[in-house]
Amino acid sequence: MIGVQNVSRAFDMLRAVDDVSLSVDEGETVGIIGTNGSGKTTLLNLITGYLQPTSGHIVFQGMDITGLGPQRITTLGVARSFQIPQVYAGLTVLDNVLIAIAAHSGRSADFWTPMYRRDCLITAEEVLARFGLRDQAMRTVSNLPEGGCKILDVALSVVLEPKVLLMDEPTSGVSARDKFSVMDTLMPELKEHRVTTIFVEHDLEIIERYAARAVAFDAGKIVADGPVADVLARPEVRRAVLGVN
Amino acid sequence: MSEITTSPSLPLAVIAAFAVMAVLPLFLSDWIVFLIALALAKGAVVLGVVLLLRGGLISFGHALYFATGAYTVGFLANRFGIGEALVALPLAIIISAVAAAALGVLLTRFRGIYFAMLSLALSMILYTVLIKFYDFSGGTDGLSVRGFTLAGVTSADPALVQYYLVLVLTAAVVYVGARFLASPLGYLMQAVRYNEIRIEYLGASASHAILASYVVSGAVSGLGGALVAYLVGHVSPELAFWVSSGDFVFVAVLGGTGSVFAPLVGSIAFEFVKNYALKFSPNTWQLTLGVFLLLVIYFQPQGLWTLFTRLRVKPRWLRR
Amino acid sequence: MNILPIILLDGITFASWLFLVSAGITFIFGVLRILNVAHGSLYAIGAYVGATFIIRFAGQEQHSWLTLPLLLLAAIVVGLTLGPLIERLFLRRVYGKDEVIGLLTTFALFLILEDVVRLIWGIEPYLVEGPFRLLGRVRIAGIAFAVYPFLLTIIAILAGLLLWFIIHHTWFGRQVTCVITDREMAGALGINVPRIDLMAFALGTFLAALGGAFTAPMMSVEPGMGLSVIVLAFAVVGIGGLGSIGGAALGCTIVGLARATAIQLFPEIELFVIYALMVAVLLWRPQGLFGAIELRKI
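Chains as they are written, first to last, in this note's numbering: chain A, 1 to 245; chain B, 1001 to 1320; chain C, 2001 to 2298.
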């Protein structure tokens, strides 16, 4: 469904991603683990076209999408949420979601019909309820706690009804209480719609609970790739990624 | 703070305001009626600036479209003897829109300070062209605008006809502006100000949104300029000078970007203050403006309009 | 061909005149991240104070050499008083905010200063041609040139060298470079950023006032003289890149020579050519010739 082939990305002397190949089939749920700086976010940036690889290819549904930018790749069906939530801080939660809905329904060039349209509001209400943000709808995002921003960021990417969803640390900064409630609602739904899900996480409990397959990164390379339990048991993973000796 | 929205249908208050303005000529002197018309026409240009300000883009060169619209009317009247508003006004709008589209392709690559500086440079190019090419533009003398007709009719009181023309067109501009601000594109422009990356990652294009806004902005400003040309009866290169752009920016910032009416109300206030301040104390009115602007910047950055209204459209399911 | 020396000399003198104002603007932007629309007004005030000093202290003897140090003094006075005053009172509040807010603030200052000038000095022009006539004329390549503009060139070069020396060879300059590179880090490293801001703005003001003061003998000093300077300076810093003094110097030279060429060969486009150049450069390099590229954020 989506994958990278021998992809590398260097920043001057630093090889952030070093000859990485990864292939994910439709409907799979893959968790990516690794220490900070091991190349996980760079990989997401490469897949979504924010960065261009210095070598290698990005492939989606059999098409070579290397060189395309984030806008194009998103319209092809690949959505992404960010480690630092990328939301519209000065607007309300509701406005953020409405904009995403409008973009998804191709109305981003519409300058005549109102955004606050009945059907859009209903959809927005559903989305907000799903993510537990309904009560915060009229709050300006800059007044949301960090966890709320993160959840909103994930919600915006889910609104796009993508074929592939990439999430960068979806639960970091989210309170312990909300972590599981959001993921418990979100992940089964993604499975039900056969959304290929790839998420980066530091919280191993999240990985164990929601991912079927784990990919471990270390210093820009993949050091392990397989079923979650297997990968987490491997000594090189435990040493490099978990810091356990 | 989220920008205040207006629902697409004109609220009663606005209709009432326009109704009041429609009967004003019965009570007020010709000069005041003229000032109001002038303020409304310039208010359209300020609205143009506000459309971009919403996206965090400050155009210090909107005098370009103001002058383009004005000189379109000027040329037609002066060089071709065509004073028919129904010909000149649409032409002014079209030419301004085309200019905005062409220049917008260049300008929308920039943000922040560079956008401001480049927009200023472009308007100064027009200014220098208007000054130097005497045969073309009348140079610093400008062009006189005579022979105003509406639908072929030369009226006995052209100032009055122009007043109502301005009123009607301003109402139209307000309507279009209100719909624009409440539309997905209007909201996308706000989003541009806060996070362009997210816009790309929603599959939309910040550049396209800005360009669309810029074209609408240019068209509306051109209309404003065209109307001013008829009202004043004369066009000159000063219309394109950067200080002229500065005035529009001033009113835009003072009124704020919250609503379509802020530019109009701000413009009327500005014209009246300027008119009387110039008479009584010509050496302090800029100072007063400057102080006002500073106060707004320091204490009420969303503009003065937000002092009076805290409307926010709430969807029904939140009003329970 | 006879026009080449004219173009060169005319271009260089115009560039020198513009450099003093542009260097100030670009330097202030580099340190404070504020584009100072009021810089033209500071230039004008420098001219007015310079004219006032000459009239009061050189009086009838406008032809004496005393006038030149007086002009320098005027610039220093303006730089040391008005600079810190403006920075402290008005600009300090808008640091860290959007660049556009800074632009609007200085625009408000411009409006205020334009009227302050009128209130203090009235609207009648001041003429202090003494120093200009003092320096007389010289023949180069068979053409008579006034000497005074070359003084301006020398001053511009000296100012440029002074700036270069300050930035690269003094402790202050070292700190300024830190602040220009990263304000927050500079503060975290213990640099007294507010004091650097103040001194940087004072220096920028001094440069503008210097340009104004030494321009006073060349033209009539009247309200509105800052209006055209500021847009020309913007064009130059746009070309050279905001924050780069070398860029400002190069930008001035290009603009000066282009304008001089236009005047000789295509007089109609004299004004037009400057702004057209700016548009052309920005089309090619959006950050200007030596401007810093904005780094992406995620």
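Errors might be hidden in some of the hints.
[What the hints assert, rightly or not] Heads up, incomplete: computed chain A residues facing chain B, CB under 8 Å, no partners named:
| # | residue |
| --- | --- |
| 1 | G3 |
| 2 | Q83 |
| 3 | I84 |
| 4 | L98 |
| 5 | A103 |
| 6 | A212 |
[Said to hold, decoys possible] Quick partial rundown of chain C residues pointing at chain B, CB under 10 Å, derived from the structure:
| # | residue |
| --- | --- |
| 7 | L2035 |
| 8 | R2093 |
| 9 | Y2095 |
| 10 | G2096 |
| 11 | K2097 |
| 12 | F2107 |
| 13 | L2109 |
| 14 | I2112 |
| 15 | P2267 |
| 16 | V2279 |
| 17 | P2286 |
| 18 | L2289 |
| 19 | F2290 |
| 20 | G2291 |
Read the hints as simulated data drawn from the structure, not as lab findings.
Note that beta-carbon positions come from the ideal geometry of N, C-alpha and C, so glycine has one too.
Structure versus earlier hints - violations, ascending order: 1, 2, 3, 6, 9, 10, 18 and 19
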